[in-house]
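Protein sequence lines correspond, in order, to chains R and C.
Residue numbers are given in full-length UniProt numbering: position 335 of the first sequence equals residue 335, and the series is strictly consecutive.
Residue numbers are given in full-length UniProt numbering: position 54 of the second sequence equals residue 54, and the series is strictly consecutive.
Source of the hints: derived by calculation from the structure; they are not laboratory data.
Incorrect hints may have been included.
Since the list gives no way to pick out one identical chain from another, each pair is judged satisfied if it fits inside one copy or across any two copies.
Claimed, not checked - No more than 27 Å apart at the CA atoms, straight line, and that leaves these computed lysine-lysine pairs for DSS-like: (1) Lys133 with Lys371; (2) Lys251 with Lys384; (3) Lys429 with Lys264; (4) Lys349 with Lys144; (5) Lys489 with Lys371; (6) Lys75 with Lys297; (7) Lys367 with Lys75; (8) Lys210 with Lys71; (9) Lys290 with Lys349.
Number of protein chains: 2
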Amino acid sequence: MGGGKKKEVKKETGLGLSFKKDANFGEWYSEVVVRGEMIEYYDISGCYILRPWSMGIWEVMQVFFDAEIKKMKIKNCYFPLFVSSSVLEKEKDHIEGFAPEVAWVTKSGKSDLEIPIAIRPTSETVMYPYFSKWIRGHRDLPLKLNQWCNVVRWEFSNPTPFIRSREFLWQEGHTAFATKEEADEEVLQVLELYRRIYEEFLAIPVIKGKKSEMEKFAGGLYTTSVEAFIPNTGRGVQGATSHCLGQNFAKMFEINFENEKGEKGMVWQNSWAYSTRTIGVMVMVHGDDKGLVLPPKVASVQVVVVPVPFKTADTQGILDACAATVETLLEAGVHAEGDLRDNYSPGWKYSHWEMKGVPLRIEIGPKDLEKNQVRCVRRDNGSKQDITRDNLVEQVKVLLDNIQQSLFDAAKVKRDASVQVVKTWDEFKDALAQKKMILAPWCDEEEVEKDVKERTRGEMGAAKSLCSPLEQPELPEGTKCFASGKPAKKWTYWGRSY
Amino acid sequence: MGGGKKKEVKKETGLGLSFKKDANFGEWYSEVVVRGEMIEYYDISGCYILRPWSMGIWEVMQVFFDAEIKKMKIKNCYFPLFVSSSVLEKEKDHIEGFAPEVAWVTKSGKSDLEIPIAIRPTSETVMYPYFSKWIRGHRDLPLKLNQWCNVVRWEFSNPTPFIRSREFLWQEGHTAFATKEEADEEVLQVLELYRRIYEEFLAIPVIKGKKSEMEKFAGGLYTTSVEAFIPNTGRGVQGATSHCLGQNFAKMFEINFENEKGEKGMVWQNSWAYSTRTIGVMVMVHGDDKGLVLPPKVASVQVVVVPVPFKTADTQGILDACAATVETLLEAGVHAEGDLRDNYSPGWKYSHWEMKGVPLRIEIGPKDLEKNQVRCVRRDNGSKQDITRDNLVEQVKVLLDNIQQSLFDAAKVKRDASVQVVKTWDEFKDALAQKKMILAPWCDEEEVEKDVKERTRGEMGAAKSLCSPLEQPELPEGTKCFASGKPAKKWTYWGRSY
Chain R
1 MGGGKKKEVK
11 KETGLGLSFK
21 KDANFGEWYS
31 EVVVRGEMIE
41 YYDISGCYIL
51 RPWSMGIWEV
61 MQVFFDAEIK
71 KMKIKNCYFP
81 LFVSSSVLEK
91 EKDHIEGFAP
101 EVAWVTKSGK
111 SDLEIPIAIR
121 PTSETVMYPY
131 FSKWIRGHRD
141 LPLKLNQWCN
151 VVRWEFSNPT
161 PFIRSREFLW
171 QEGHTAFATK
181 EEADEEVLQV
191 LELYRRIYEE
201 FLAIPVIKGK
211 KSEMEKFAGG
221 LYTTSVEAFI
231 PNTGRGVQGA
241 TSHCLGQNFA
251 KMFEINFENE
261 KGEKGMVWQN
271 SWAYSTRTIG
281 VMVMVHGDDK
291 GLVLPPKVAS
301 VQVVVVPVPF
311 KTADTQGILD
321 ACAATVETLL
331 EAGVHAEGDL
341 RDNYSPGWKY
351 SHWEMKGVPL
361 RIEIGPKDLE
371 KNQVRCVRRD
381 NGSKQDITRD
391 NLVEQVKVLL
401 DNIQQSLFDA
411 AKVKRDASVQ
421 VVKTWDEFKD
431 ALAQKKMILA
441 PWCDEEEVEK
451 DVKERTRGEM
461 GAAKSLCSPL
471 EQPELPEGTK
481 CFASGKPAKK
491 WTYWGRSY
Chain C
1 MGGGKKKEVK
11 KETGLGLSFK
21 KDANFGEWYS
31 EVVVRGEMIE
41 YYDISGCYIL
51 RPWSMGIWEV
61 MQVFFDAEIK
71 KMKIKNCYFP
81 LFVSSSVLEK
91 EKDHIEGFAP
101 EVAWVTKSGK
111 SDLEIPIAIR
121 PTSETVMYPY
131 FSKWIRGHRD
141 LPLKLNQWCN
151 VVRWEFSNPT
161 PFIRSREFLW
171 QEGHTAFATK
181 EEADEEVLQV
191 LELYRRIYEE
201 FLAIPVIKGK
211 KSEMEKFAGG
221 LYTTSVEAFI
231 PNTGRGVQGA
241 TSHCLGQNFA
251 KMFEINFENE
261 KGEKGMVWQN
271 SWAYSTRTIG
281 VMVMVHGDDK
291 GLVLPPKVAS
301 VQVVVVPVPF
311 KTADTQGILD
321 ACAATVETLL
331 EAGVHAEGDL
341 RDNYSPGWKY
351 SHWEMKGVPL
361 RIEIGPKDLE
371 KNQVRCVRRD
381 NGSKQDITRD
391 NLVEQVKVLL
401 DNIQQSLFDA
411 AKVKRDASVQ
421 VVKTWDEFKD
431 ALAQKKMILA
441 PWCDEEEVEK
451 DVKERTRGEM
461 GAAKSLCSPL
471 EQPELPEGTK
481 CFASGKPAKK
491 WTYWGRSY
């Protein structure tokens with residue numbers, strides 16, 4: 001039996017991961033998304049298969065977000081995947097940002113197309129010619145659309161499942177208002193929904209902030225984002241973005257309207273998106289050396305029930321108790337599943353479901369049967385607790401809530417421990433070497449950010465600004481920029497990023 | 001003011017359609033999907049924008065179908081948009097069917113790709129290499145996946161919104177079983193869901209049937225479908241298809257498993273899909289010269305409430321009554337919307353919402369206010385009925401149910417009137433000239449179908465078999481094939497089709 005075969009066998013017995021999260025983070029990540037059955041690598045580089053185990057998470061977030069935006073009277077639509085080059089290139093700054101990554105269709109069947117057609121990297125230029133057509137007067141405003149779709153960015157740097165892939169799924173909202181005030185307000189409303197996705201669903205603390213001029217959306221006025229942090233790699237992750245586009249696209253695409261007084265005006269626009277990247281951030285933050293760790297609120301299976309038969313014991317009674325437990329939980333709306341397979345040992349099953357990150361395991365053995373109880377084992381911290389079957393549902397729900405909260409708390413403790421406040425360049429360099437998320441007073445000048453990038457270049461990638469937090473700590477008069485020594489204008493997070 | 005401007009103004013006043021359904025069906029259809037705000041034409045031919053008015057219908061069907069397949073333990077996943085040519089071309093018959101319509105990506109940014117990459121026209125060849133990887137033993141079966149996605153078929157014949165577009169939205173289910181019996185059973189289970197989408201949601205009668213060898217899915221074993229009919233054009237429409245693929249793909253992609261006894265076997269596979277074409281069929285069947293007619297079960301707005309103020313009457317009282325009516329209906333789960341705009345007359349609003357096909361209009365004028373009643377006007381038949389506000393909800397619900405049923409009944413009467421039973425070639429030719437959906441005894445030979453196609457060629461397009469209904473009428477011994485005179489084996493529907 002060759003080495004390859006051996007490894008295969010090892011994998012099939014579910015004996016855990018080959019890589020440790022702390023020692024080989026990149027390899028650990030690639031392994032855990034595959035072994036946890038979230039992702040399958042695909043034969044085209046940078047494209048990945050989303051298996052039901054990850055799609056289930058995407059669907060939970062989608063149900064939440066879609067209901068919330070419907071409350072905001074945002075309506076779903078679907079614009080084409082394809083965009084002609086003339087339209088794509090209409091907004092100069094915008095296309096400059098995306099041009100190198102655009103995939104082009106040039107042939108159908110065996111025929112060359114007359115004109116190459118681009119695949120959307122995002123849909124501003126796809127949609128806005130029609131905003132121009134549909135918006136005539138103030139009564140047509142606000143126009144608030146969203147679509148759930150795939151987009152393609154043919155990136156060449158380090159493809160990583162969920163985090164950086166050539167095709168990904170997202171929602172993209174595109175709205176137009178009569179006034180800047182309305183647009184500004186929506187930017188923050190949507191940003192709050194993104195915060196809730198991360199904090200309430202994925203149990204990941206994020207910072208709401210504003211991007212620097214260098215890092216903002218190409219062609220937009222300003223960009224807000226929620227920023228997460230991966231302590232293991234010391235990298236920030238842009239979690240989702242809510243852009244105010246200002247009137248720049250309105251100018252290019254002539255999106256004008258007549259107001260109540262018969263005067264001509266230009267609309268104010270926003271666009272905002274979150275993608276399947278969310279799932280990758282969740283894996284990176286919560287996963288451990290045993291595999292995935294799923295927050296209960298997004299897990300397709302929240303509780304797995306495993307029978308633990310023992311020699312002479314009443315095996316059928318145990319199996320029945322397991323089936324009844326699953327039934328009771330399902331009826332109460334808890335996503336439970338029984339693993340009653342007879343060709344795997346309980347130990348194998350424990351490893352298997354730990355790898356998949358199921359938040360709570362329930363074991364039922366002869367003693368549990370006798371005492372009318374079940375044993376609960378938490379995935380997040382391994383703690384065990386026997387609970388009586390009489391108020392199973394209530395206690396399981398409490399446990400799941402606790403797990404959700406514990407995951408968030410633990411992630412927040414780690415994240416907070418990674419934040420370092422610095423005031424000087426030397427402190428900054430030290431903190432960067434220690435993989436920190438750095439909060440520093442900044443003069444907010446583009447030249448200075450370029451200079452920071454230049455001076456931190458290296459194997460690990462340069463540092464850049466992540467965001468200026470919306471909640472600004474006090475900035476004492478006379479505080480100087482950490483990099484330029486000029487008067488500081490704001491606190492800004494810096495670090496390496498994905 | 002030029003002619004173009006004039007037409008524009010006419011459109012904006014909502015004075016109805018320029019084309020009649022019976023006189024100029026094609027033009028009527030193109031106009032009604034745009035004026036009804038379902039579709040916007042796009043600057044790439046064969047691609048269309050789905051506006052919220054049509055996406056809302058898609059979403060209602062999606063919620064229903066997704067819940068039903070989840071009950072069948074089918075799980076959602078997402079496979080890439082792209083497929084490499086080597087994989088795409090693995091199954092010969094299959095690729096022959098799709099090759100001329102495949103769109104190819106050959107460039108990213110300014111660089112040529114090493115190898116051109118295809119955009120999925122459907123995902124059999126995208127998915128099945130991974131079925132082969134994931135399926136090892138009988139415990140891995142059945143494997144039942146579905147995805148909601150876009151697909152691209154670069155067709156050159158007559159693009160038509162919803163019905164034939166270069167990109168469309170669909171769901172595609174892909175399942176693998178240990179036995180043919182299980183696969184056969186699922187084919188029909190899914191076909192029944194498709195029937196329910198058409199008959200229960202879209203109020204369109206369909207025929208469940210089996211496709212001929214010529215018309216079946218390329219590379220599959222047999223294809224079942226639900227077939228609708230458009231009386232105005234005398235064309236059948238394949239509404240949705242549920243294919244048994246047999247073991248042909250399993251062979252090509254080596255999808256094998258070990259059964260309970262340790263013997264090797266090949267899986268049996270199905271694939272099935274319905275698309276945004278459904279919406280086009282709905283428009284064609286129910287629409288009229290005033291615009292769209294939406295079945296209540298799929299309408300984003302089921303009831304529109306219009307105030308009808310009159311000179312000295314209590315206008316504020318009327319507006320309040322309208323708002324209260326909308327509120328009451330919304331609370332009861334009826335999708336109601338008030339049109340309280342003060343810059344349009346009631347008459348303009350009636351035309352506007354008739355164009356959009358809202359099933360029920362409620363008018364409230366001074367007399368209604370006085371009598372504590374509202375006036376209901378049905379979109380489908382124009383009938384009027386005053387109902388007291390005291391049991392508004394109950395009566396509106398009854399009305400909506402009646403409209404749903406009436407639409408189906410009316411469509412069925414028309415469809416049934418279009419069906420003609422023929423036994424000879426002469427009868428067949430006459431019936432075809434009269435744009436009938438023809439039910440004829442057939443010998444079930446491919447050569448004969450080819451011959452029928454050949455002999456009916458012409459401007460309108462050739463006739464082909466639509467399906468052999470699963471519910472077969474009695475076929476008396478000695479019945480001859482309408483086309484070949486050979487002994488008939490089954491009853492089959494024939495006609496021109498989309």
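Failing hints, ascending? 1, 2, 3, 5 and 7
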